[in-house]
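Please work from the sequences and hints to get the whole structure.
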Amino acid sequence: MIKKEICQQVLEECLKTGGDFAEIFAEDTCKNNYELTGGKVTQANTQNLHGVAIRILKGFKEVNGYTNDFSLDSMLKLAKSLSEAVSGENLGIKFTLQEEKPACIVKAIKKPSSLTNDEKIAYMKKLYNATKEYSDEVSQVICTLTDEEQHVLIANTLGKYIEDDRHHVRLGANAIANYNGQMQTASDTIGGNSGYELFDDKDLVKFGQDIAKAAVTMAHADEMVGGVYTVVIHNGFGGVLLHEACVHSLEATSVAKGASVFCGKLGQKIASDIVTAIDDGTRENQWGSLNCDDEGNPTHKNVLIENGILKSYLVDYRNSRKMNHPITGSSRRQNYRYSPTSRMTNTFFAPGNDSFEDIIKKTKFGLFAKKMGGGSVNPSTGEFNFAVNEGYMIEDGKITKPVRGATLVGSGAEVLLNIDMIADNLSFGHGMCGSASGSIPTDVGQPTIRVQNMVVGGRGAK
Amino acid sequence: MDFQKLIKKAKEEQIEDIEVYCEENKNLRIELFNGEVEKNSLQNSNVVSVRAIYNGKMAYLTFEDENMDIEKVIAKLKENANSLTTLEEFEIFGGSESYPELPKVESGLDKVSLLDKINLLKETEKIAKGLDKRIVLLPSCSYSEAHSKTTIVNSKGLNISKSTEYAALVLGAVAQENGSTQDGFEVKVVLKYDELDPKSIAEKAVKQAVSMLGASGVEPKVYPLIIENEAMSSLLGGFSSMFMGDAAIKKLTSLIGKEGEKIMQDCVNIIDDPLMPNSPNSQPFDDEGVACYKKNVVENGVFKTFLHSLKTAKYFKTKSTGNGVKQSSIVASGINLYIDKGNKSKEDLIASTKEGLLITDLSGLHAGLNPISGDFSAQSSGYYIKDGKIDRPVTLIVVSGNFLKMMNDIEEIGSDLFISPSGVGAPSIKFRGLPVSGK
Numbered sequence: 001m002i003k004k005e006i007c008q009q010v011l012e013e014c015l016k017t018g019g020d021f022a023e024i025f026a027e028d029t030c031k032n033n034y035e036l037t038g039g040k041v042t043q044a045n046t047q048n049l050h051g052v053a054i055r056i057l058k059g060f061k062e063v064n065g066y067t068n069d070f071s072l073d074s075m076l077k078l079a080k081s082l083s084e085a086v087s088g089e090n091l092g093i094k095f096t097l098q099e100e101k102p103a104c105i106v107k108a109i110k111k112p113s114s115l116t117n118d119e120k121i122a123y124m125k126k127l128y129n130a131t132k133e134y135s136d137e138v139s140q141v142i143c144t145l146t147d148e149e150q151h152v153l154i155a156n157t158l159g160k161y162i163e164d165d166r167h168h169v170r171l172g173a174n175a176i177a178n179y180n181g182q183m184q185t186a187s188d189t190i191g192g193n194s195g196y197e198l199f200d201d202k203d204l205v206k207f208g209q210d211i212a213k214a215a216v217t218m219a220h221a222d223e224m225v226g227g228v229y230t231v232v233i234h235n236g237f238g239g240v241l242l243h244e245a246c247v248h249s250l251e252a253t254s255v256a257k258g259a260s261v262f263c264g265k266l267g268q269k270i271a272s273d274i275v276t277a278i279d280d281g282t283r284e285n286q287w288g289s290l291n292c293d294d295e296g297n298p299t300h301k302n303v304l305i306e307n308g309i310l311k312s313y314l315v316d317y318r319n320s321r322k323m324n325h326p327i328t329g330s331s332r333r334q335n336y337r338y339s340p341t342s343r344m345t346n347t348f349f350a351p352g353n354d355s356f357e358d359i360i361k362k363t364k365f366g367l368f369a370k371k372m373g374g375g376s377v378n379p380s381t382g383e384f385n386f387a388v389n390e391g392y393m394i395e396d397g398k399i400t401k402p403v404r405g406a407t408l409v410g411s412g413a414e415v416l417l418n419i420d421m422i423a424d425n426l427s428f429g430h431g432m433c434g435s436a437s438g439s440i441p442t443d444v445g446q447p448t449i450r451v452q453n454m455v456v457g458g459r460g461a462k
Numbered sequence: 001m002d003f004q005k006l007i008k009k010a011k012e013e014q015i016e017d018i019e020v021y022c023e024e025n026k027n028l029r030i031e032l033f034n035g036e037v038e039k040n041s042l043q044n045s046n047v048v049s050v051r052a053i054y055n056g057k058m059a060y061l062t063f064e065d066e067n068m069d070i071e072k073v074i075a076k077l078k079e080n081a082n083s084l085t086t087l088e089e090f091e092i093f094g095g096s097e098s099y100p101e102l103p104k105v106e107s108g109l110d111k112v113s114l115l116d117k118i119n120l121l122k123e124t125e126k127i128a129k130g131l132d133k134r135i136v137l138l139p140s141c142s143y144s145e146a147h148s149k150t151t152i153v154n155s156k157g158l159n160i161s162k163s164t165e166y167a168a169l170v171l172g173a174v175a176q177e178n179g180s181t182q183d184g185f186e187v188k189v190v191l192k193y194d195e196l197d198p199k200s201i202a203e204k205a206v207k208q209a210v211s212m213l214g215a216s217g218v219e220p221k222v223y224p225l226i227i228e229n230e231a232m233s234s235l236l237g238g239f240s241s242m243f244m245g246d247a248a249i250k251k252l253t254s255l256i257g258k259e260g261e262k263i264m265q266d267c268v269n270i271i272d273d274p275l276m277p278n279s280p281n282s283q284p285f286d287d288e289g290v291a292c293y294k295k296n297v298v299e300n301g302v303f304k305t306f307l308h309s310l311k312t313a314k315y316f317k318t319k320s321t322g323n324g325v326k327q328s329s330i331v332a333s334g335i336n337l338y339i340d341k342g343n344k345s346k347e348d349l350i351a352s353t354k355e356g357l358l359i360t361d362l363s364g365l366h367a368g369l370n371p372i373s374g375d376f377s378a379q380s381s382g383y384y385i386k387d388g389k390i391d392r393p394v395t396l397i398v399v400s401g402n403f404l405k406m407m408n409d410i411e412e413i414g415s416d417l418f419i420s421p422s423g424v425g426a427p428s429i430k431f432r433g434l435p436v437s438g439k
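Going down the list, the protein sequences come from chains E and C.
Using this note's numbering, you'd call the opening residue of the first sequence number 1 and step up by one each time.
Using this note's numbering, you'd call the opening residue of the second sequence number 1 and step up by one each time.
By construction, these hints were calculated from the structure, which means they are not laboratory data.
One or more hints might be untrue.
Pairs of lysine to any residue residues, derived as SDA-like cross-links and limited to a Cα-Cα distance of at most 20 angstroms, are as follows [claimed, not checked]: (1) LYS61(E) - GLU36(C); (2) LYS156(C) - LYS314(C); (3) LYS294(C) - TYR99(C); (4) LYS4(E) - LYS94(E); (5) LYS78(C) - SER114(E); (6) LYS39(C) - THR17(E); (7) LYS250(C) - GLY181(E); (8) LYS389(C) - GLU219(C); (9) LYS61(E) - GLN43(C); (10) LYS295(C) - SER241(C); (11) LYS251(C) - ASN174(E); (12) LYS322(E) - GLU36(C); (13) LYS31(E) - SER328(C); (14) LYS72(C) - CYS30(E); (15) LYS311(E) - ILE274(E); (16) LYS40(E) - GLU79(C); (17) LYS199(C) - LEU120(C).
In structure tokens, the structure reads:
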């Protein structure tokens, strides 16, 4: 994308005023998004991103900027204006850029650019039909499909010069069911850092029927009655609990500033003994996986919590200088417009020894949160919330009536200690995670877990 | 890229109409931590979005590479248009008869040196640290400014531009005492640099953090509830899609066919005012070149109109309300959408409450609400009110309700209208009763 010699020249310019590290991140990205509403194709839009970002570090101070113009003149001008914000003498750092090849964790066979719009829209139509035809109570279905081919170049004054391709595809449906004037929605997506072959391997008909079924069930459901419950959170997207309640607070973004409830707790017990939590960016073709992170470093399988003990934070290069903690291959940015920082990839609880059936059977009274929605956390206080999109009551060890409108709240430090059962049925859900460096694809995952003593909100009356 | 050449070429290629929307941005951002500049960003971008009507369908293409080949742009637009099967009709607009003039504001941003901007941050941090011993950390203290110029050029002969400039100061403060940790966060966005006041920003963030120390839950039951202005505006923001033309086309709002009907209490007026002074969102015309004007969405409780872009207006055989806003395509959106204020101060609302809650923060609304049904359940914090006075801070409770039902269960609307930087606003509102869950 940008020749090695040119990168070398620009990076040298960056260091002239005393910077001790400089980096170029260039990208050329093509995104398409399609929408099918009520059986008609209502959107087919294309977006191209084309920009180069430069950052200079001195210690952990950072100066950064970007431009859309890849010419040498433009990049030198940017490098010069950024270096003016760094004060000092040239440290005389010498480096030679060496071309590196990224690992091969994610690869696309049916690349987005190799398919026509019609071929892509066919996947949406199949999903639409399955979802819409499930029941007369399904009053509307909106299917969305996005694909993205991101080509990146990362070069830095440690001598790194690496190019990588990412292909993100994601297909989803949102079903609206209407029963007696009660409109409820359900949605789900399939996504991967992969080509369109991902959708060939999935049973789109069953996927659509399950979404429709959830919407219809919720339209018939009673309102959740608020209170303190034992909550069984199902596998897959249920992993949003770990993502929100804990791992955001393990990101260097908040830990390096001392702004996390988990600061200074490495080696200490922060979760119940049965809890092992992992962030793994190396899972083949998974939505949150990468061949290399946005600093050009290989992604890792990072064990964050092992048998309840905090083992690692998620750390990028700049924060590693501050925290005296090794980098974890977790540096990510939405695109060149955001400065990179430590983020999650695919985050999940490791499987436990219980079975799903046993967990239900052993729960006398509680809430079964089958499908979770999104949530948020305040890393300073550790207080989190998330929505239950599809819930059921558990009574005398059996799943009984559906309930809607439940919201779970709690504090991250407490909830991890209150997990008392973990099943063996690990699976994943796909989300977009928004934080300091923008919105990025991340997978959340877990086996079914049981949590004691959670505050559940709802509109129902006792 | 030469836009006139693109337009000419497109017409030669049987494109019916074409429009270029060009956005030039120049941003600065400075982050301070413990008295030192930690990050400093200089950002320049130039984004071109083209939309075109081909075979009656509207396609969109956005690009940043100014060397993009014109032929490729046209081919991609045609391919995208050919994929559409929607029955919607589209229009590219030749321009309104006249455009309102917004007052000219001298931002003064370019007259202040970088060093002075850094000093402003240092001062903010220093004041905040000195205000209360229980403040242990200021995890975010940042200054940002944006200069943007948008130009719309199209084959109907329109060629207009609009600019905005604003500065923002952000402060986050963390307070600790007796094992309790709480934080406060204040954002101030201004059109004139001189209006940034470090003292008031520091005081607000610090007060918010400190006053929440020792917060606990409440007995779960139905409480009279005052939702403070900022929290109320985020609630309106979460449900604003119910008033939008796009939601109406997709049947994702319960307000279809209810124009002219009473949907809220008499005292409720919901207004969209794109010409409001002192808002960074104010603009003379929308992103389709349609002149902006102030309008009532809800007037004395009666639903008056959906907000429309050209497309949604055509679908409902009405006129655009000048609310076409550029996202990945043009969608109808509020520009400065707010619930109008009442007469009583927030203090009066509290004083008239024997037992109740003042809710200052609603979190997780992006996930915990259903914009179609109006239902929501949100993690909340605030204060317990006893005998007309604030008694103690409360946190980790869940407030649940239905937006439309609530707007029919108002006891009193406050006078403290707040407009968020994203252009959604509300005063504090007291509701007769809402269910609250917690430990």
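Given pair status - SER114(E), LYS78(C), alpha carbons within 20 angstroms: Distance of about 17 angstroms is within 20 angstroms: holds.
Hinted pair, alpha-carbon criterion (20 angstroms max): LYS322(E), GLU36(C). Please report holds or violated. Since the Cα atoms of LYS322(E) and GLU36(C) sit roughly 14 angstroms apart, the hinted pair holds (cutoff 20 angstroms).
Straight-line alpha-carbon gap LYS199(C) to LEU120(C), limit 20 angstroms: 10 angstroms, holds
Is LYS156(C) within 20 angstroms of LYS314(C), Cα to Cα? 18 angstroms, holds
Quickly compare the C-alpha distance for LYS61(E) and GLU36(C) to 20 angstroms and report which way the hint goes. 8 angstroms, holds
For LYS389(C) and GLU219(C), compute the direct alpha-carbon distance and say whether it is at most 20 angstroms. Answer holds: LYS389(C) to GLU219(C) is near 18 angstroms, not above 20 angstroms.
Against the 20 angstroms threshold, does the CA-CA distance of LYS72(C) and CYS30(E) hold or violate the hint? 13 angstroms, holds
Restraint status (C-alpha distance of LYS31(E) to SER328(C) at most 20 angstroms): Given pair LYS31(E), SER328(C) holds - Cα atoms ~11 angstroms apart, limit 20 angstroms.
Are LYS4(E) and LYS94(E) close enough, with their CA atoms no more than 20 angstroms apart? Holds - the C-alpha atoms of LYS94(E) and LYS4(E) are around 15 angstroms apart, at most 20 angstroms.
With the threshold set at 20 angstroms, check whether the alpha-carbon distance from LYS311(E) to ILE274(E) stays at or below it. Roughly 15 angstroms separates the two Cα atoms, so the pair holds.
Given the proposed pairing of LYS39(C) with THR17(E), does the C-alpha separation stay at or below 20 angstroms? The hint holds at about 16 angstroms.
Is LYS61(E) close enough to GLN43(C), meaning Cα to Cα at most 20 angstroms? Within the cut-off at roughly 17 angstroms; holds.
Consistency with the previously given hints is maintained throughout, with no hint failing.
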